[in-house]
Amino acid sequence: MKNKIGLPVGVLLILAWCLLPVAWIISLSFKSQTAITNGSPGFFPASGDGAGWQNYADVLANDQFRRAIINSIGISLIATTLSVLIATLAAYAIARLEFRGKKLVLTMALVIAMFPVVSLVGPLFDLWRAVGLYDTWPGLIIPYLSFTLPLAIWTLSAFFREIPWEMEQAAQVDGATSWQAFRRVIVPLAAPGVFTAAILTFFFAWNDFVFGISLTSTEAARPIPASLSFFVGSDPFNRPASLLAAGAVISTIPIVIIILLFQRKIVAGLTSGAVKG
Amino acid sequence: MAAIDMKNIVKKYGDGFPAVNDVSIDVQDGEFMILVGPSGCGKSTLLRMIVGLEDITDGDMMIGDKRVNDLAPRDRNLAMVFQNYALYPHLTVYENIAFPLRLAKAPDSEVDEKVRAASATLELDEHLERKPGNLSGGQRQRVAMGRAIVRDADAFLFDEPLSNLDAKLRGQMRSEIARLQKRLGITTVYVTHDQTEAMTLGDRVAVLKRGVLQQLATPRELYENPGNLFVAGFIGSPPMNFLPATVEGTSVQLPFGSVEIPADKAAKVEGRGLLIAGVRPGDFEDAAVADKQGGSTFHATVDRVEWLGNEAYAYVPFEAPDEVRDQLTQLEKDLDGDSLRTQLVVGLDGSSRVAAGDEAEIWMNTDKLHLFDPATGENLTVDREHAGRLEERALTTV
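Chains as they are written, first to last, in my numbering: chain A, 661 to 937; chain B, 151 to 548.
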């Protein structure tokens with residue numbers, strides 16, 4: 661009995677803890693600017709304080725924010741695609757081939773993943789300005805790749821190792837080239853791993869603030885998190901909190917969509933039935 | 151369809167260990183060839199060299215008239231059934247079977263026709279839209295075979311295809327494979343460690359030990375004329391009994407007394423001293439129920455009797471001299487067994503009344519007695535006319 665009550669209560673507590681800030685931001689985004697300035701502590705807007713969808717309309721009407729959304733989506737998607745593509749090939753090689761320095765490659769990958777992001781910002785800033793990557797999409801995609809690849813490679817090589825060699829050999833005997841065996845048999849089987857890696861990469865790129873604010877200077881490449889911090893409105897001493905909240909909510913939506921799309925693909929036990937036992 | 155000719159095939163791994171050592175086997179067009187031996191004898195490696203999944207260190211692999219040593223698996227046009235089936239779990243049964251055809255870019259109509267034909271042969275029609283994960287072991291096995299027969303392959307290769315099935319299903323699938331092979335008349339190489347499968351399926355059987363071919367012969371020849379101790383001990387269930395023996399004239403001195411053997415056999419082993427005699431359990435009988443002519447009888451105290459209804463096995467322990475015991479211990483090791491105490495297994499008719507503890511009179515068919523050299527394991531009394539191909543090299547490496 662204790663367990664049956666304990667579990668839902670625990671789940672509710674954790675949910676409340678995690679979702680409270682989100683709920684609060686949503687609440688803020690529906691309040692008018694004056695209500696926030698005057699102090700309006702209620703969760704639901706008091707009468708006359710509500711702004712309806714006005715904040716959202718204002719944010720979306722803002723050219724700066726629209727450009728930021730496009731930048732974020734574009735940069736994150738390109739970084740994710742490239743990262744997953746490269747990581748899939750690299751992880752396959754690591755799982756299947758015996759080569760000198762394999763351990764070294766894996767260890768180095770981990771080391772890179774642990775490298776403090778902030779410590780790279782200074783050197784990258786100088787380097788990017790020198791080579792002309794400053795304030796461009798590739799200027800952000802490249803650092804995102806280097807930080808997400810290690811994790812993606814580790815995740816995927818674990819998945820590849822789970823796939824029996826025989827699957828591939830059977831495909832080759834059936835008349836497939838190595839590439840065909842990889843694409844038609846191995847990749848579909850590793851799909852859960854591919855999507856896991858994709859989600860992790862997309863998260864990193866979408867949520868990044870440090871690179872986003874340091875390596876950009878205009879709307880040409882500035883992503884949402886950085887853009888929101890430049891959202892000062894007309895009065896620099898009175899930041900438009902409700903507009904910011906609306907912007908934050910909008911920037912969360914793609915993440916939710918991506919999760920819902922990819923989650924279906926992450927089905928554990930896809931390999932069951934491939935081989936006996 | 152094609153013959154497969156292995157000429158002096160050698161496989162050495164990185165450490166120089168020869169997993170397959172100078173093996174030559176000619177598989178005729180349409181023949182069912184079995185590669186059999188205990189684990190680690192190189193039979194699977196040999197099969198994988200035929201299909202191209204292992205490199206060949208030395209020798210020639212001929213399929214038809216073509217040397218295929220350097221061809222990729224996909225260019226050898228062979229179909230293989232793996233031990234664990236290796237079905238593609240993300241594809242339906244239909245697409246699993248169709249996979250080789252899809253790779254060959256066959257038109258949809260042809261794919262459909264061939265897949266339906268294969269599934270009808272294997273009785274998979276009602277499962278075509280299911281995924282392998284939802285199938286039973288036997289069904290998966292049939293899908294794996296479907297994937298093989300859907301192509302016009304030159305030969306079938308089986309790598310212990312039945313070892314994952316339970317005993318009853320194994321028997322069914324065994325006859326299924328035999329039936330299919332006879333009907334399609336396709337060259338087949340089949341790897342197994344199970345001597346029953348080897349005996350029941352094969353047109354010819356190649357017995358391997360530690361990478362060396364021991365004997366290549368029909369199942370009957372192997373059973374009746376094993377070339378050495380290893381083959382004798384491997385083929386047949388329960389296995390052949392090995393006893394210390396000394397021959398004087400035509401009488402053989404065994405631990406239980408002496409028996410008379412035919413003069414031609416005696417001549418082959420004259421003056422050889424201590425030998426190992428091999429007799430199959432089925433070549434004994436309770437003298438009280440035996441109506442057989444010839445042979446010899448002896449008396450022995452039965453330690454234990456297993457009565458199975460239509461037959462019974464009596465166990466008679468004996469002491470072996472060290473010389474023989476070492477050889478028998480080594481043999482047990484080669485056969486993947488544990489060295490138990492030396493005992494004689496006597497096959498009796500179900501009507502026999504011999505019970506544990508009895509002093510029984512036992513008849514022995516001395517025509518079927520084999521005598522082996524204890525040093526080399528060579529069968530000195532082998533009938534070379536009816537022993538298939540004996541590897542002389544194997545005789546000295548026991």
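It should be emphasised that the hints constitute simulated quantities derived from the structure, not laboratory data. Note that this is a predicted model, so its numbers are computed, not measured. There's no promise every hint is true.
What the hints assert, rightly or not - Derived Cβ-Cβ restraints for the label pairs, each shown as a range:
#, chain 1, residue 1, chain 2, residue 2, range
1, B, Gln480, A, Ala773, 33 to 39 Å
2, B, Met151, A, Thr837, 23 to 29 Å
3, B, Leu334, A, Arg821, 51 to 57 Å
4, A, Val791, B, Tyr163, 29 to 35 Å
5, A, Phe869, B, Asn284, 44 to 50 Å
6, A, Arg821, B, Asn284, 44 to 50 Å
All C-beta atoms, glycine included, are put in the ideal place defined by N, C-alpha and C.
- So which of those numbered hints doesn't the model satisfy? Those not satisfied are hints 1, 3, 4 and 6.
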